[in-house]
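**Student:** The lines below spell out each chain.
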Amino acid sequence: MGVHQIRLTINGKTFVEEAEPRMLLSDFIRENCGLTGTHVGCEHGVCGACTVIVNGSAVRSCLMFAVQADGEEIQTVEGLSQNGELTPLQQNFKECHGLQCGFCTPGILMSTSDYLAKNPEPSKKEIKEMLSGHLCRCTGYDGILKAIQKTVEDNKETILIEGS
Amino acid sequence: MKPAKFDYYCPKTLDEALSLLEESGFDGKIIAGGQSLVPIMNMRLSGPECLIDINRLHDLDFIEFDEEKVKIGTLTRQSRVEMSSLIKENCGLLSEAVPFIGHVQTRNRGTFGGSLVHADPSAEIPLSLMASGGSVLIASKEETREVDVEDFFVTYLTTDIMPTELLTEVQIPIWSGRVGYDFTEISRRHGDFALVAAACQLTLDDQNKISRVRLTLGGVESVPLLVEEANQMMMGEKLSEALLNKVADIVREAVDPESDLHASADYRTHLAAVLAKRTIQTAYNRAGR
Ligand code: FES
Ligand code: FES
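Taken in sequence, the protein lines are chains C and E.
Residues 1 to 164 in the UniProt record's numbering are what the first sequence spells out, letter by letter.
Residues 1 to 289 in the UniProt record's numbering are what the second sequence spells out, letter by letter.
What the hints contain is simulated information worked out from the structure, not anything from laboratory work.
We treat Cβ as the ideally placed atom computed from N, Cα and C, and that holds for glycine.
Treat the hints loosely; a few may be bogus.
Which residues of chain C face chain E? A few of them, derived with a C-beta cut under 8 Å, are [said to hold, decoys possible]:
hint, residue
1, Gln5
2, Thr9
3, Met64
4, Gly79
5, Leu80
6, Ser113
7, Tyr115
8, Ala117
9, Glu121
Result set (DSSO-like, lysine-lysine): computed pairs, CA atoms no more than 30 Å apart in a straight line [claimed, not checked]:
hint, chain 1, residue 1, chain 2, residue 2
10, E, Lys88, C, Lys118
11, E, Lys2, C, Lys156
12, E, Lys5, E, Lys71
13, C, Lys94, C, Lys128
14, E, Lys5, C, Lys124
15, C, Lys13, E, Lys5
16, C, Lys118, E, Lys141
17, E, Lys88, E, Lys277
Work out the full structure, taking the sequences as your base and the hints as a guide.
**Tutor:** Right, dumping it as structure tokens:
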């Protein structure tokens with residue numbers, strides 16, 4: 001059946017590209033769309049480096065074929081910061097040493113952004129469970145956990161201030 | 001780590017999907033969440049000629065209730081089942097089992113029916129369905145048939161489904177009375193395949209005697225194991241240390257696990273007995289509350 005035409009939006013921008021059915025979404029994002037912030041580690045769903053948000057859910061882009069994302073809306077790490085401003089989560093990763101080499105970071109940022117949008121006040125245990133879908137070979141996870149916890153705390157304060 | 005070539009079809013209706021299945025016969029393979037299929041395709045352990053993607057069959061994504069049972073569409077994402085408060089109230093066992101599957105990110109994509117059809121003997125959804133009992137609906141171009149969960153799993157990664165058939169719906173009875181349940185498993189790391197998993201659902205009569213019970217074990221046989229001998233033995237009994245020890249004896253006899261890199265057969269047998277006791281105890285305590 002040869003090549004398929006795939007039309008999707010990534011971070012609000014529409015891409016129309018051709019690909020074979022066997023092309024993984026992760027490769028499509030990186031190679032056809034030129035967005036190399038999404039990293040590829042294991043290509044079998046274990047490491048989480050390739051995590052992106054598809055239609056509002058964080059999923060592994062190495063476990064989807066690009067054709068399956070035809071018509072869908074995708075967010076990648078490039079879409080987080082606006083006008084050069086880091087999101088509070090990204091800022092906290094920077095401040096709390098949530099990254100060293102940065103290979104795992106895009107995936108973790110996407111998972112966490114999606115997760116916090118749905119569960120604004122997770123416990124430490126819940127954060128750890130969410131993080132269990134990601135491998136980081138540098139940080140020992142401590143900085144990552146702190147960065148996420150700090151983001152949760154900061155959000156609570158903002159809500160309090162807004163409410164008072 | 002790239003899959004081999006395949007043809008891709010994306011039907012918009014169930015009818016279209018079933019026709020495609022019939023045309024492609026043994027060459028066709030259904031893809032739903034793909035959380036088990038795509039890894040093995042990437043590793044070239046599987047190379048289907050043709051993939052039939054059912055992700056656009058939105059009619060198969062539902063959770064419905066009537067007085068007696070819960071119906072779950074095959075395409076319902078595992079995370080939706082996990083979050084459903086109606087599932088929690090009516091089949092709490094499932095709500096407890098689903099978080100053990102993989103990770104948040106794979107449950108967001110992985111489907112309820114997909115896990116059943118994949119039929120990994122250590123998987124959580126097959127095991128909890130076996131513990132609650134129930135049936136699945138399987139459609140083909142000719143007919144839709146209902147198969148009891150006891151007859152559904154044939155052997156390792158193999159079910160009663162024929163190549164031209166598609167699982168469409170799962171029906172789970174809502175147990176009434178004083179119900180207790182528990183799901184537990186041991187794995188090397190959270191999200192890994194369970195070395196052994198155990199689930200139990202039971203009811204008590206007004207004298208705290210067991211009036212119905214289904215103990216099941218995963219990872220110890222080629223299919224999720226309903227431990228019938230133990231279940232019969234527990235009927236009409238109150239829970240005691242002696243009873244639990246008898247169950248453990250039966251379990252050690254009944255299981256036939258394999259050794260692999262992660263655990264020896266002996267250790268799995270030991271775990272099966274320990275987890276069986278633990279899960280019955282918890283289910284019993286909960287029913288008695
Ligand atoms: S590259 Fe997708 S999970 Fe590792
Ligand atoms: S920062 Fe290097 S892998 Fe996580």
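**Student:** Hint by hint, say whether it matches the structure.
**Tutor:** Evaluated hints:
no., hint, in the structure
1, Gln5, "violated (12 Å)"
2, Thr9, "violated (18 Å)"
3, Met64, "holds (7 Å)"
4, Gly79, "violated (18 Å)"
5, Leu80, "violated (17 Å)"
6, Ser113, "violated (12 Å)"
7, Tyr115, "holds (7 Å)"
8, Ala117, "violated (13 Å)"
9, Glu121, "violated (16 Å)"
10, E:Lys88 with C:Lys118, "holds (19 Å)"
11, E:Lys2 with C:Lys156, "violated (44 Å)"
12, E:Lys5 with E:Lys71, "violated (36 Å)"
13, C:Lys94 with C:Lys128, "holds (19 Å)"
14, E:Lys5 with C:Lys124, "violated (43 Å)"
15, C:Lys13 with E:Lys5, "holds (29 Å)"
16, C:Lys118 with E:Lys141, "violated (40 Å)"
17, E:Lys88 with E:Lys277, "holds (24 Å)"
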